[in-house]
Amino acid sequence: MLNRILKILLIFLALVLVVAFHVGFSYLLPYPISKVNIIFTVIILLLLWYNSGIIVWISFFSNLFIELFTVSPYGVVLFSSTISVLIAYWLYQNFFTNRSIYAALVLTAFTIFIYRLFYIVIMFILKIFSMVSYVPWKLIFITSLWEILFTTILVSIFYFIFSVFTKKFKSSVVESSIFRYERK
Amino acid sequence: MSKRKQQTFLGIVFIILIFIILHFVGLLRPIENYFRAIIKPGIEGMYDISINFNEQNELFKNVEDLKEAYLSCLENDINNKIDMAAFQILKQENEELKKQLNYIEKKDMLTVGAKVIGKNIDPLGNTLILDRGSNSGITKNNPVIVGEGVMIGKIVRVEDKTSVVRLINDNQSKVASALINQSKSIGVVEGGYGISIRMNYIPQNEIIKVGDMVITSGLEENVPSGLLIGVIEAVEKEAYQPFQKAVITPSVDLTKIKQVLVITEF
Chain A
0 MLNRILKILL IFLALVLVVA FHVGFSYLLP YPISKVNIIF TVIILLLLWY
50 NSGIIVWISF FSNLFIELFT VSPYGVVLFS STISVLIAYW LYQNFFTNRS
100 IYAALVLTAF TIFIYRLFYI VIMFILKIFS MVSYVPWKLI FITSLWEILF
150 TTILVSIFYF IFSVFTKKFK SSVVESSIFR YERK
Chain P
0 MSKRKQQTFL GIVFIILIFI ILHFVGLLRP IENYFRAIIK PGIEGMYDIS
50 INFNEQNELF KNVEDLKEAY LSCLENDINN KIDMAAFQIL KQENEELKKQ
100 LNYIEKKDML TVGAKVIGKN IDPLGNTLIL DRGSNSGITK NNPVIVGEGV
150 MIGKIVRVED KTSVVRLIND NQSKVASALI NQSKSIGVVE GGYGISIRMN
200 YIPQNEIIKV GDMVITSGLE ENVPSGLLIG VIEAVEKEAY QPFQKAVITP
250 SVDLTKIKQV LVITEF
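As you go down the protein sequences, you meet chains A and P in turn.
Numbering that gives the first Met the number 0 numbers the first residue of the first sequence as 0 and each following residue consecutively.
Numbering that gives the first Met the number 0 numbers the first residue of the second sequence as 0 and each following residue consecutively.
Isolated chain A (complex conformation) (with noise of 0.2 angstroms):
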């Protein structure tokens, strides 16, 4: 009991961490390297360490914090990190064959054009029903382009540091992938 508590508490202060870093870092890089998304690259590498369900949820939580720091209307943010990291968790478990950098790249790059295209589909039904008074779309687009690439380039980076120092990193089949159920 006490240790599923402490378990909870080193979460919790870790999604505060990795939250801080996000926003910090948002404030500290030169733009356009600015828009590379911490919290994204964090939710990737834990989904390809752990591959467990429960990466949904601190994508939940964080986001929920992340809601704190932005202008947009409340929730679009939360719904939008959350049902993508969940398909991305469905993608890893039910197409992606192997766990490479490859992987990681495509993984990383599909998460973030679910995220933002969920975004921009919200914003633009709020438009239409008035809710927003204006959408600035080719910043939004833009700022997109941005994040997609220089999340993926980070993810990239910590994937190569990990496989260099751990093997769970090491190009393997993914065990839950459709080719397990081919096997047997």
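No lab work stands behind these hints, which were simulated from the structure alone.
Treat each hint with caution, since some may be false.
[What the hints assert, rightly or not] Stretch-level coverage of chain P by chain A, calculated; a stretch enters the list once three of its residues show a Cβ under 8 angstroms from a Cβ in chain A:
{"id": "1", "stretch": "18-28"}
{"id": "2", "stretch": "41-48"}
{"id": "3", "stretch": "81-88"}
{"id": "4", "stretch": "143-155"}
{"id": "5", "stretch": "229-238"}
{"id": "6", "stretch": "246-258"}
[Unchecked claim] To list a few chain A residues with every Cβ distance to chain P over 10 angstroms, as calculated:
{"id": "7", "residue": "15"}
{"id": "8", "residue": "76"}
{"id": "9", "residue": "100"}
{"id": "10", "residue": "108"}
{"id": "11", "residue": "167"}
Using N, Cα and C, we set each Cβ at its ideal position, and we do this for glycine too.
We have chain A; now place chain P onto it with these hints.
Structure of chain P alone, referenced to chain A:
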């Protein structure tokens, strides 16, 4: 999609909706304030570091640059002294005229001092987060100034202990403004043009020139007149257009703001 996946998807959507509803009802506010308080020191520190870092990048590249800047400062200093002398004379004249007209002085502005603890991180706008909120008397649409009266934006969101300022260079920012020129031209200062801002809807027949100062006109609710916004950098005039535009350089660097005053009453 399998039934289990459908249930998971719907379950997560349901939980997100519950959180959104709880937020709008206000039941999440104590938890949100608690989270803000936990994250605030880290974010504030990062914001301060980013400002100091940006300031360091502006050091002079070589001795010639330094000399040039020094000479420019000297020239500005002389001009400022001349302006100050003229200002003092005008001030005295103004006071005399006020006395003659039995002018009743308006009460002073009520302001709340606040520290900038962060800025917005999504692409929707240029905003700053302040460490004071509704508990300090701040309300939506209060103008925000720095120094003696340089307007930087308006409050767009208020929480108990924090508030969000929409800067004048934001896409959605609009401020009723006036020029200090012969015609006392009025217009609307709008953001969304990068680091500069624009004054639109200036009648075509009025004479405006580079260097004219832009102030708030007071024709807008909640914003007093006479707050400095910036200086005209360029004029865009097309013969076939009913209005002319002016590109304005804000009087303060909007990326390096640490302390502000929120005007709550005037």
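Here's how the hints hold up against the structure:
no., hint, in the structure
1, 18-28, "holds (count 4)"
2, 41-48, "holds (count 6)"
3, 81-88, "violated (count 0)"
4, 143-155, "violated (count 1)"
5, 229-238, "violated (count 0)"
6, 246-258, "violated (count 0)"
7, 15, "violated (6 angstroms)"
8, 76, "violated (7 angstroms)"
9, 100, "holds (28 angstroms)"
10, 108, "holds (18 angstroms)"
11, 167, "holds (26 angstroms)"
The structure shown violates the earlier hints numbered 3, 4, 5, 6, 7 and 8.
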